[in-house]
Each structure stands twice: as structure tokens, then as C-alpha cells.
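J.: Letter by letter, the chains look like this.
2 protein chains.
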Amino acid sequence: MVSHRTVGRLSLYRRLLNGLAGQGTRNVYSHQLAAMAGATPAQVRRDLMAVGYMGSSTHGYDVSELTKSIGNFLDDQTGQAAALFGIGNLGRAILSYFTGRRPNLSIVAAFDVDENKIGRVIHGCRCYSVEELETVARENDIRLGILAVPAAAAQNVAENMVRAGFRGILNFAPAPLKVPAGVYVEDIDMTMSLEKVAYFARQGARLQAAEIVEQENSRVLETAKGDQQ
Amino acid sequence: MVSHRTVGRLSLYRRLLNGLAGQGTRNVYSHQLAAMAGATPAQVRRDLMAVGYMGSSTHGYDVSELTKSIGNFLDDQTGQAAALFGIGNLGRAILSYFTGRRPNLSIVAAFDVDENKIGRVIHGCRCYSVEELETVARENDIRLGILAVPAAAAQNVAENMVRAGFRGILNFAPAPLKVPAGVYVEDIDMTMSLEKVAYFARQGARLQAAEIVEQENSRVLETAKGDQQ
Numbered sequence: 003m004v005s006h007r008t009v010g011r012l013s014l015y016r017r018l019l020n021g022l023a024g025q026g027t028r029n030v031y032s033h034q035l036a037a038m039a040g041a042t043p044a045q046v047r048r049d050l051m052a053v054g055y056m057g058s059s060t061h062g063y064d065v066s067e068l069t070k071s072i073g074n075f076l077d078d079q080t081g082q083a084a085a086l087f088g089i090g091n092l093g094r095a096i097l098s099y100f101t102g103r104r105p106n107l108s109i110v111a112a113f114d115v116d117e118n119k120i121g122r123v124i125h126g127c128r129c130y131s132v133e134e135l136e137t138v139a140r141e142n143d144i145r146l147g148i149l150a151v152p153a154a155a156a157q158n159v160a161e162n163m164v165r166a167g168f169r170g171i172l173n174f175a176p177a178p179l180k181v182p183a184g185v186y187v188e189d190i191d192m193t194m195s196l197e198k199v200a201y202f203a204r205q206g207a208r209l210q211a212a213e214i215v216e217q218e219n220s221r222v223l224e225t226a227k228g229d230q231q
Numbered sequence: 003m004v005s006h007r008t009v010g011r012l013s014l015y016r017r018l019l020n021g022l023a024g025q026g027t028r029n030v031y032s033h034q035l036a037a038m039a040g041a042t043p044a045q046v047r048r049d050l051m052a053v054g055y056m057g058s059s060t061h062g063y064d065v066s067e068l069t070k071s072i073g074n075f076l077d078d079q080t081g082q083a084a085a086l087f088g089i090g091n092l093g094r095a096i097l098s099y100f101t102g103r104r105p106n107l108s109i110v111a112a113f114d115v116d117e118n119k120i121g122r123v124i125h126g127c128r129c130y131s132v133e134e135l136e137t138v139a140r141e142n143d144i145r146l147g148i149l150a151v152p153a154a155a156a157q158n159v160a161e162n163m164v165r166a167g168f169r170g171i172l173n174f175a176p177a178p179l180k181v182p183a184g185v186y187v188e189d190i191d192m193t194m195s196l197e198k199v200a201y202f203a204r205q206g207a208r209l210q211a212a213e214i215v216e217q218e219n220s221r222v223l224e225t226a227k228g229d230q231q
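These protein sequences, in sequence, are chains A and B. Residue numbers for the first sequence follow our numbering, so the first one is 3 and each next one is one higher. Residue numbers for the second sequence follow our numbering, so the first one is 3 and each next one is one higher.
These are calculated hints, taken from the structure and not from any lab test. Check before you lean on any hint, since a few could be wrong.
Said to hold, decoys possible - Some chain B residues close to chain A (C-beta under 8 Å, calculated; not the full set):
hint	residue
1	Gln82
2	Leu92
3	Phe100
4	Ile124
5	Arg145
6	Ala153
7	Arg169
8	Pro176
9	Glu197
10	Gly206
Even for Gly, the Cβ is constructed at its ideal location relative to N, Cα and C.
Work the whole structure out from these sequences, hints included.
T.: And the structure:
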């Protein structure tokens, strides 16, 4: 099995290839794809070897053929079903963001504890109570879950998902999950990311301010020197 | 300056400490915090040294004091302003998700190219045209931006942000950004993350299916052996 970094990069290459196709580009070299993806050409070639696509040394990779190869590798050809857990602001956003984005991947069920949501259809997706999870998962062959519940509920819901046979969890809840081996978890912590950027934006601004002060000081020194001459 | 990994972990510790405080816990040891955060105790102690907080060897860390120390380190004490770029589904979700989440950090302006949104107030946030960026950024001292525009527009908007003095970008656009040194970018690519989880969920399910087949085969073999005896 390939590494999760390779899978991440393949997903990125496909995005970039779609962009190139939109601009009418037909061929791309590994070094061009590498520059766009922030990877090395050798890495690109290794990654694409994993999907079994070989470029020609004279024309590089055929954009449309390569896109197809990556799709064959990454996507479930018969379609893959996902479930969403938690239909708050974030959950609704996730629903409207992902709906129709990948034809082979669709959110077919949503789960919440709120009685007012259960039984309704939100953004085209039916909402169920968590008690119905095992039945709904079995009937729709769902192995993939998107977790958007509050942090305090996340571990419990994740355990329900594992019991229902889930094998992958995209975790938006700001809580580290404990799951058995064989279940893949990918964390997206938006608050943590924002706090990081906020911190470094402030440090950057401080450094900039310090530089300006320094420049002004040296200008003052220069002027003072000039006066002495 | 501390590393971006340390800043990420500090943000996570604070989240965990808030959870502990909610449960009425007053003291926590570095090894407990480490276990919850998926870090080592030595790492926790090093990270907390960066914020200048020392625990007692007998009672560990004081939960409320430590939370305050991390806050002093991570947050701008006078308040930090952020701007959102792109008020589509994702942008609206980001607005409603972050509004009020951090008292010291608020999204004070949103930018879009859509004439119907410009001048309106969405989720409590005024929307401007990108032409107004430099003025709005200066007047509100904004150095921090959240990018939620389509991939094709991302680089261009990022360059406008840099020109307006932005020092940190939280990038939700599925496009790698090129920015000058001194500008910090944190990428959140939700589609890429979902594709990764989907891939590994499928591999996990396949492995499971293969194991079941293997178990059944060995059971058949066992039965066959039993028949021969």
C-alpha cells in the first residue's frame, strides 16, 4: 500500500492537472508538475509510478491520460458512500461543500442527536439518529465517515463508527481520536490552524516593525555620521 | 521564535485543558497531557517551557494557570483582526464557525467579487470589494487572512493580501500559494483530506475482506485436515 503522503500528492496532482486541462494544456513534464506541487521531479515520477502511468521522455505526461490513471487509482470505480456526523454549522458547510464535488464519492447519510434534524433532508442528505447507524451503514455500504460533532462527543461517535465497520474517518472535531489499527483517521482542526497563522502573522508583523525601527535607527546613525563629517 | 509544530501543540493543549477544566480537574501532569495530545511527556515539558510556565513536581500543572499562560503566549492581548476572502458556501461556513470562538480573534471584514454581496453584512461581517482591501486592512490593522476563493483566483488574491501587508494566510483554496518569506501560510485542503481518507477506508475494507477470505480458507483447510484424520 502506498503512503498517505503519496496519496495526498496524487490528489494534489489531479487538482493541478484539471487546472492545466482547463487552460488547454495537453502535456506536462514531471519537473513542471513538481514545481506546481512543491515537490521534487523524482518524487513526482515515483508517485506516478505507483499509479502505473509512464510518461514519454520527449513529451512528458499526457494531461488527460494521467488524470484518468490517477482517478483509476484514487477513486472507487463503483462509487463510494460517506456519512456525516454532526449537522451544526460546520456539518452543513461540509455537506454543501462536498455535494457533487467528486462524482464517485457522495455523502449519502447524516447523523445527529437533535430530534429536529432527524428524519429531515438537509442539503439533499437524509438525517438519521445515531441508533440507526449500523443499519444505515450496512444498507448503504458506508465505510467512510466525516466527524463534525463537538469535541466532547467525538470519541464516543468514533467508537460507534468503528463498531459499524467504518474504515476511514475525516475528523473535524478538535479532539484526538483513539481508534483500532486498520482505521485511518485524518484530522482537520480549523481552530488550531487559525491560531497558528494568527500567531505567526503577529510575529511577522513584529519582525517587520523591528526592521523598520532598525532601519530608522541606522538612518539616524547615518545622518549623525553625515553631520560629523 | 518557536516552531509551527510547537504552536500547533500549544493550541491543542489549551483545548484539552479547557476540557479538563470543564470536568472540574484542577491539576494535570505532563504525562497525562502528553497521552491526551499524542505527544511525549518530554515534548510537553519543552513546549510549556516556551510559554514560560513551570509545573510543580508534586502536583503537576495547575490547569487554570497553565491555560492562562498559553493564552498569554498564543493570543494577541489587545485583540487581533482577520479578514475572509470569498463568501461562498465555505466562506459562510468559516464565518459562522469562527464567529465568537476566540474572543481575542475576530473576522472583521470579508471580501468578494460578487456585486450582490459587497456592502452587505453576512453573519455579522461587512463585505467589501477587493479594491477596498488596502484601505480596510490599514484602518482595521488586519494582517491575517482566511482564503476561501476558488483555486484559480487564490494566487492573485494572496498577492493582493501580501501587498496590503498581510503576514499570515489560512488557505482553504486547493492551490499551493507562492508568497514572499515572512508571510506564513497554513493550508487546509478539505477535498484532498477526504480523498485520502476515502482511499485508505477502501484499502482497509479490502484488507478486511482479504482477511475474512483467508480465515475462511484456513477454516476450509482445517476441516479438510480434520476429514483426513
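J.: Next step is simple, just say for each hint if it's right about the structure.
T.: Quick rundown of the hints versus the structure:
1. Gln82: With a closest approach of 6 Å, the B/Gln82 hint holds.
2. Leu92: Because about 5 Å separates B/Leu92 from the closest Cβ in chain A, which is inside the 8 Å limit, the hint holds.
3. Phe100: Since the shortest Cβ distance to chain A is 7 Å, the answer is holds.
4. Ile124: With Cβ-Cβ at 13 Å, over 8 Å, it is violated.
5. Arg145: It holds, given that the least Cβ distance between B/Arg145 and chain A is near 5 Å, below 8 Å.
6. Ala153: 7 Å, holds
7. Arg169: 3 Å, holds
8. Pro176: 5 Å, holds
9. Glu197: 4 Å, holds
10. Gly206: 3 Å, holds
Going through the hint list in order, the structure does not satisfy hint 4, though it satisfies all others.
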